[in-house]
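A.B. asks: Sequence:
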Amino acid sequence: MEKVNLRWEVKKEHLCTKDLIVSPPKLPSVAVIVATFNRPKHLRACLNALIKQTYEGKWCIIVVDDGSTMQYSYLISEVIKILERRGIKVHYIKLSKNSGLAAARNEGVRFAKADIVAFLDDDELPDPNWICELVKGFSYGPNIAGVGGRVVSVESPAYVKWRVRGYDQGHYIHESNFLQGGNAAFRRDIFLKVGGFDSNLKFAHEDAELCLRLRNWGYRLLYNPMAVVYHAHAATIKDILRKAWFLGINGAYVYAKHKLGSTLIRKGSRSTLLLDLLLWFNLGITIFGLASCALVKAGWTILIGVSLLGWILFLTVVVLLFRPQNIQSVALLVISLLVEKGGNIVGEIRRMTKL
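In this note's numbering, the protein residues as written are 279 to 633.
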């Protein structure tokens, strides 16, 4: 039997039937899963942005309310009516308690019947061609289990922008090791086969852990920079520090689960390694210097001096990496890094006590 080539030519680099030169094979069905918790106004803006999607295959929206205590219906009912008038079915699932982002997304996948499940955070606004571009990535081969895109951080502080710098992986389609959970799509059957998101990771790193698992199973991931979402990340001090804490704790969990070593000194990138080394050096010298100051009346000034020089170097590296706008931003950056490292320590202790 003659082998049939299922690739087709596309104009403007996105998969919309109005732009196809030849008739495509049947487009896969897509379920857009939006997990939400006590953010009805954000969700309304997200759903409004989904109205503009240009994808002409069959798709639906699944909103998973992760145990919210706030009322949603009066704020989102009108936009749901607009979507359904356009033939886009919106399903609303209410969980009895707040179980975390990973568990909420898994619940949405179990409910979905589509070929592809795409994840979007409730505080993100997708580009009109977002679904088209995600689906386009799966045409590169049956072994492509997931496709992700670019996350553009808007109105976010310097620390957050630095944290999400890895979400922008360039300006061309290529195979990737990591897909950001708020802008990623997966083949539903493969997602369920590998077990979905690890529900132990409630607030951070659930996407990184899933990507590691998929690659360990032999599947490939694709990054398409044309699949764009705009994300207004958390900007309050409380939210930033809370996120930093869970990044630290969950980072230790992922490292232990996949036997990647210790999160106390990470080797992911030169900047991360440099920050970790400087942080531990400064903490060590500072603690030793303060102890010497308390116990030994003489000779402690040299240690304090070395410690101060170390912190000045650390702050210089922070300013060069993050480019904060003012002294308050510098302080928040340093505190966030210390909180994240504290989370790493707690996570490592938990890991060691379970051995």
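Worth double-checking, as some hints may not be accurate.
[What the hints assert, rightly or not] When the alpha-carbon atoms are kept at most 27 Å apart in a straight line, the in silico DSSO-like pairs for lysine-lysine are as follows:
id	residue 1	residue 2
1	Lys359	Lys336
2	Lys372	Lys535
3	Lys391	Lys304
4	Lys537	Lys480
5	Lys480	Lys516
6	Lys304	Lys319
7	Lys480	Lys304
8	Lys535	Lys319
9	Lys391	Lys535
10	Lys359	Lys516
11	Lys304	Lys372
12	Lys367	Lys304
13	Lys537	Lys375
14	Lys537	Lys516
15	Lys480	Lys535
16	Lys471	Lys516
17	Lys319	Lys367
18	Lys375	Lys304
19	Lys330	Lys391
20	Lys359	Lys319
21	Lys319	Lys330
22	Lys619	Lys537
23	Lys330	Lys359
24	Lys336	Lys375
25	Lys471	Lys375
26	Lys535	Lys619
27	Lys471	Lys535
28	Lys372	Lys471
29	Lys391	Lys516
30	Lys372	Lys336
31	Lys330	Lys375
32	Lys367	Lys391
33	Lys304	Lys330
[Said to hold, decoys possible] So the derived label-pair ranges between C-beta atoms look like this:
id	residue 1	residue 2	range
34	Glu356	Asp467	46 to 56 Å
35	Pro420	Pro503	32 to 42 Å
36	Lys537	Pro406	15 to 25 Å
In short, the hints are calculated from the structure, not lab data.
All residues carry an ideal CB built from backbone N, CA and C; glycine is no exception.
A.B. asks: If a hint holds in the structure, say so; if it does not, say that too.
C.D. replies: Tested hints:
no., hint, verdict
1, Lys359 / Lys336, "holds, 18 Å"
2, Lys372 / Lys535, "violated, 31 Å"
3, Lys391 / Lys304, "holds, 16 Å"
4, Lys537 / Lys480, "holds, 20 Å"
5, Lys480 / Lys516, "holds, 17 Å"
6, Lys304 / Lys319, "violated, 35 Å"
7, Lys480 / Lys304, "violated, 36 Å"
8, Lys535 / Lys319, "violated, 37 Å"
9, Lys391 / Lys535, "violated, 30 Å"
10, Lys359 / Lys516, "violated, 35 Å"
11, Lys304 / Lys372, "violated, 32 Å"
12, Lys367 / Lys304, "holds, 19 Å"
13, Lys537 / Lys375, "violated, 32 Å"
14, Lys537 / Lys516, "violated, 31 Å"
15, Lys480 / Lys535, "holds, 15 Å"
16, Lys471 / Lys516, "violated, 37 Å"
17, Lys319 / Lys367, "holds, 20 Å"
18, Lys375 / Lys304, "violated, 39 Å"
19, Lys330 / Lys391, "holds, 23 Å"
20, Lys359 / Lys319, "holds, 16 Å"
21, Lys319 / Lys330, "holds, 18 Å"
22, Lys619 / Lys537, "holds, 19 Å"
23, Lys330 / Lys359, "holds, 14 Å"
24, Lys336 / Lys375, "violated, 31 Å"
25, Lys471 / Lys375, "holds, 26 Å"
26, Lys535 / Lys619, "holds, 19 Å"
27, Lys471 / Lys535, "holds, 19 Å"
28, Lys372 / Lys471, "holds, 25 Å"
29, Lys391 / Lys516, "violated, 38 Å"
30, Lys372 / Lys336, "holds, 24 Å"
31, Lys330 / Lys375, "violated, 32 Å"
32, Lys367 / Lys391, "holds, 13 Å"
33, Lys304 / Lys330, "holds, 22 Å"
34, Glu356 / Asp467: 46 to 56 Å, "violated, 35 Å"
35, Pro420 / Pro503: 32 to 42 Å, "violated, 23 Å"
36, Lys537 / Pro406: 15 to 25 Å, "violated, 42 Å"
Hints 2, 6, 7, 8, 9, 10, 11, 13, 14, 16, 18, 24, 29, 31, 34, 35 and 36 from the earlier list are contradicted by this structure; the remaining hints agree with it.
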